[in-house]
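Each step along the sequence shown adds one to the number in our numbering, with nothing skipped, and position 118 is 118.
Each hint should be verified, as a subset may be incorrect.
To be verified - Restraint-style ranges between C-beta atoms, simulated for each label pair:
1. Ala-134 <-> Asn-469: 43 to 53 Å
2. Val-146 <-> Gly-398: 52 to 62 Å
3. Ala-461 <-> Pro-380: 21 to 31 Å
4. Ala-211 <-> Leu-73: 51 to 61 Å
5. Val-239 <-> Met-379: 39 to 49 Å
6. Gly-232 <-> His-550: 38 to 48 Å
7. Ala-371 <-> Gly-232: 25 to 35 Å
8. Glu-326 <-> Val-239: 13 to 23 Å
9. Val-268 <-> Asn-469: 23 to 33 Å
10. Val-97 <-> Pro-380: 55 to 65 Å
11. Glu-498 <-> Gly-375: 23 to 33 Å
12. Asn-525 <-> His-550: 55 to 65 Å
13. Glu-546 <-> Pro-380: 14 to 24 Å
14. Ala-371 <-> Glu-270: 32 to 42 Å
Hint data in this document are derived by calculation from the structure and do not stem from the laboratory.
C-beta: ideal position from N, C-alpha, C; glycine also.
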Amino acid sequence: MSSRVGARRGRSRWAIRAGTAVIALLTLVSAADLILTDSKSARGVTIAGIDAGNHTSAGLEPVLDQLSARARLPVIVTTDAGTAQFSPAQLGLTFDVEATRSRLLEQPRNPLSRLAALAGREHSVDPVVGVDPAALDTALDSAREVLESAAVEGGVHYQGTSPVAQQSSGGMRVARVGAADALRVAWLTGNPVALPMEPFSPTVDAATVAATVRGPAARATAASLTLVGRHGVRTELSVGQIATLLSFVADGKGGLVPTIGEPAAREVLEPTLKKSQSEPVGARFSVSGGTPKVIASVDGARIDWPATLRAVAQRLVADDGPRRVEVAYHRVPPTLTTAAARRLGVRELVSEYTTGGFSDASGENIRLVAAEVDGAIVMPGKVFSLNGHTGPRGAAQGYVTSTIIDHGRAAKAVGGGISQFATTLYNAAYFAGLEDVDHTEHSYYISRYPEAREATVFDGAIDLKFRNNTRYGILVEASWSSSSITVRMWSTQTVDVESVTGERTAPTTPPKLRFPKGDDCIASNGSNGFTTSNTRIIRDHRSGAEIGRHTRTVRYEPEPKVICG
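Construct all of the structure, not just a fragment, from the sequences and the given hints.
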């Protein structure tokens, strides 16, 4: 008996010594591996599916470069409902390279983990990824229709004129916290990221839907409704139209509210109600007795469709009161209000210029363009464009055929003669001291215009532009008679202008041209060409001190002698 006990004790002591020896050996191996892998990544470590084990910091560069390249690629996310693609920035994802390097260089202190790695067992490390929750929410919200199975809220619509219940049903949505965790782990694998889902329920219950069908929805189609607008304009919504336009939708608080879609409602109501609207009328000036006076502006009115339709929906479900709604309007202010016009300083005549000597056809065109420009207001700092102000000047606008200069000789075209108005307007702006932005002289000299101080225009091609370089508004007044055109500019006098015309030099002889007889040929005796100049001197109105001087040199071609036949 005692011998068997002694034998067992001997075996136990041997087992303990053997176990201790194994532990010591494993500890020695682990310690030796710790020394050998110091300043390196752990053995057997992977990151986002990439082998990163036993690398120095420098040796990790290819791994980190590969992860950085993946961090620039589009991210594909999937759910049971569908798939969407985003940029990393849209999802609020950032990759921290250096923090990831530090994580890879951390050595496991657990000897068992180290021995498992020596035995060839792999373990993974997650890259250091940041997620901006606000950006992630925005991105996922934008793809709800693709990624989520939305809950269907209960509601009520109509079949014919009878209300019909639409019952609620649940849905599945992306679990936002879980989605962020999934992206941190799986983004840089380069594979689509599966996002977790969670169920959610609608807010409207069956009892609410049933109560709406019996009550508000039934009342809404009990009778027609009248809308009353401005100026006595009114229209009626029939019961059938009400049923077509009205529905009841969830209010987000467990209830149902009546709503009318604006596009469909406007299609029904606007043909009649638009007559109740009005355009704003800006303030303008009238010159009477040599003094400009402000004519007050008038606000416009536009239908406020959202407010009007909310009022209609509420009146339809009300259980008392008349079936009548007043149309709501937005006030539309004019571009120039009465108060703003009075602050412009339009109070006195600052320049005036008159030309004459035109034909009847040219006179009709001049009358039309003068009527377009008369009353124009040029705000401080703004550029006036004659072509831009009048728009097209063709037969459709009432302009007639008259003489123009085409390729250096007289010809005919619709709108001819308007250059006379341009010259008159140019000179009025010239003597008002306004900045010359763009103007073009005639190709040859026309004797009824001042030399080097005239302008031509052509619809869509050659324009006359000047800038109001004062701190006051400019009112342009254009008056016409059968023999002359006058342009006046009203503002506050700040400068005085002197014009000096230079001598004629470098005369040129007109060529002789012969064309077949017909309406396209206009005979001319011709005239010499020459070069001349004009100098504009601008002085301060109060002190008389010179504040600007500019000389413009113009070369006029000779007017050809044209023989018809």
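Status of the hints after comparison with the structure:
1. Ala-134 <-> Asn-469: 43 to 53 Å: Hint holds: Cβ distance 49 Å, inside 43 to 53 Å.
2. Val-146 <-> Gly-398: 52 to 62 Å: holds, 58 Å
3. Ala-461 <-> Pro-380: 21 to 31 Å: holds, 29 Å
4. Ala-211 <-> Leu-73: 51 to 61 Å: holds, 53 Å
5. Val-239 <-> Met-379: 39 to 49 Å: Violated, at about 53 Å.
6. Gly-232 <-> His-550: 38 to 48 Å: violated, 59 Å
7. Ala-371 <-> Gly-232: 25 to 35 Å: holds, 33 Å
8. Glu-326 <-> Val-239: 13 to 23 Å: holds, 21 Å
9. Val-268 <-> Asn-469: 23 to 33 Å: Hint violated: Cβ distance 52 Å, outside 23 to 33 Å.
10. Val-97 <-> Pro-380: 55 to 65 Å: holds, 57 Å
11. Glu-498 <-> Gly-375: 23 to 33 Å: Since the Cβ atoms of Glu-498 and Gly-375 sit about 29 Å apart, the hinted range of 23 to 33 Å holds.
12. Asn-525 <-> His-550: 55 to 65 Å: violated, 35 Å
13. Glu-546 <-> Pro-380: 14 to 24 Å: Holds - the Cβ-Cβ distance for Glu-546 and Pro-380, about 23 Å, lies within 14 to 24 Å.
14. Ala-371 <-> Glu-270: 32 to 42 Å: holds, 33 Å
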